[in-house]
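Protein chains in written order, with this note's numbering: chain A, 135 to 227; chain B, 819 to 962.
In case anyone wonders, no lab produced these hints; they're calculated from the structure. One should not assume that every hint holds.
[Unchecked claim] Covered stretches of chain B (chain A as the covering partner; in silico rule of three or more C-beta atoms under 8 Å from a C-beta of chain A):
no., region
1, 844 to 851
2, 865 to 871
3, 925 to 934
[Said to hold, decoys possible] Listed next, with one range per pair, are the computed distances between beta-carbon atoms:
no., chain 1, residue 1, chain 2, residue 2, range
4, A, Gly159, B, Asp947, 38 to 46 Å
5, A, Gly184, B, Arg958, 44 to 52 Å
6, A, Glu224, B, Gln942, 18 to 26 Å
7, A, Gly172, B, Ala855, 47 to 55 Å
8, A, Gly159, B, Val885, 40 to 48 Å
9, B, Ser835, A, Gly159, 39 to 47 Å
10, A, Glu218, B, Pro959, 42 to 50 Å
11, A, Thr205, B, Gly925, 25 to 33 Å
12, A, Gly172, B, Glu926, 38 to 46 Å
13, A, Arg203, B, Gly852, 22 to 30 Å
14, B, Val960, A, Thr186, 41 to 49 Å
15, B, Ala943, A, Gln214, 32 to 40 Å
Glycine included, C-beta positions come from ideal geometry on N, C-alpha and C.
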Amino acid sequence: MSGHVFHPGHHDLHGITVVLETNTGLWVGRFDSVTPKGVLLHDAGCYEDGVTEGTREEYLRKTLKFGVRATVKNKLIPEQDVREIRQLAEVTA
Amino acid sequence: MPYPESLVAPMRAEMTSMGAVELRTVADVDAAVGSAAGTTLVFVNSVCGCAAGNARPAVKMALGHGVLPDRTVTVFAGQDLDAVARARSYFGEYQPSSPSMALLRDGEVVHFVHRHQIEGRSPQAIATDLTKAFDTYCSRPVSA
Chain A
135 MSGHVFHPGH HDLHGITVVL ETNTGLWVGR FDSVTPKGVL LHDAGCYEDG
185 VTEGTREEYL RKTLKFGVRA TVKNKLIPEQ DVREIRQLAE VTA
Chain B
819 MPYPESLVAP MRAEMTSMGA VELRTVADVD AAVGSAAGTT LVFVNSVCGC
869 AAGNARPAVK MALGHGVLPD RTVTVFAGQD LDAVARARSY FGEYQPSSPS
919 MALLRDGEVV HFVHRHQIEG RSPQAIATDL TKAFDTYCSR PVSA
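Excised from the complex, chain A in its bound form (with noise of 0.2 Å):
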C-alpha cells in the first residue's frame, strides 16, 4: 500500500523509508517529496564515501538492523545529484 492512499495526490513514496544514492554516498530516510529545490527526506542519516566509517554496504546492513541513524531532521538533495532512489525495505545487505 503507497503513501499516496493516505495521502491523496503525493508522490508514490510518500512516507516510505528511501536509500537515495549520490555520486559522493547515501542518504536514508523518509521520502516527503519532489520539490523545485530537489528530493526532500525527513529523519534523515548519511554515508559519505571516504568519510563514514566502512562500506555503503556495511552502512546499509546497520541500517537495515538498527534503523536509520537520523542526522537531520529535513534534507534537500538536489535532483541532478540523485542517481537512484529505492525502498530501503528492498534492499538485501
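With chain A's structure known, arrange chain B on it following the hints.
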C-alpha cells in the same frame, strides 16, 4: 507539536481494546518495562496512516497467536513525548522510528520491527513475522 487528542483517541483505543496497556508517563514506562522480567512487546504507536494503519491491525492479529509475550504495552510517538523517549531508552542501539515494535526479554531487545519493515506491507505479513518472533522468544501459551 502533538495532534489534537480527539484525533488520536481512536488510535489509542485501537491498541487498548486488543489488550495493550498504554503507558503515558515516564513512571508508567519504568514500572512496566524497566524492571520487567519475562517478555514484553512494546508498540510505538503513530498517527501515520501509511504505516500505523497497518501496524495496529498486525499487532491485533499477532495477539491472537498461541504463544504470546507476557505483556503488551504501547506508547504514542509525537503525543506522549516523555514516555516515548523513556521507552526508547530501553531499546539500546535500535534507532527511533514510528510506528515500530520492540520485543524485550528480561529487559533486552531480542526482536525489533522498524517502520521500514512495516511500510507497504499487509497486516497479515507483519503479523506473521511478529508471531515467528513470539514463537522464538516467548513461552507463555495461551489457554483456549
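Hint check results:
no.	hint	in the structure
1	844 to 851	violated (count 0)
2	865 to 871	holds (count 5)
3	925 to 934	holds (count 4)
4	A:Gly159 with B:Asp947: 38 to 46 Å	violated (30 Å)
5	A:Gly184 with B:Arg958: 44 to 52 Å	holds (50 Å)
6	A:Glu224 with B:Gln942: 18 to 26 Å	holds (19 Å)
7	A:Gly172 with B:Ala855: 47 to 55 Å	holds (50 Å)
8	A:Gly159 with B:Val885: 40 to 48 Å	holds (43 Å)
9	B:Ser835 with A:Gly159: 39 to 47 Å	holds (45 Å)
10	A:Glu218 with B:Pro959: 42 to 50 Å	holds (47 Å)
11	A:Thr205 with B:Gly925: 25 to 33 Å	holds (28 Å)
12	A:Gly172 with B:Glu926: 38 to 46 Å	holds (41 Å)
13	A:Arg203 with B:Gly852: 22 to 30 Å	holds (25 Å)
14	B:Val960 with A:Thr186: 41 to 49 Å	holds (46 Å)
15	B:Ala943 with A:Gln214: 32 to 40 Å	holds (37 Å)
The structure fails hints 1, 4 (numbered hints given earlier, in ascending order).
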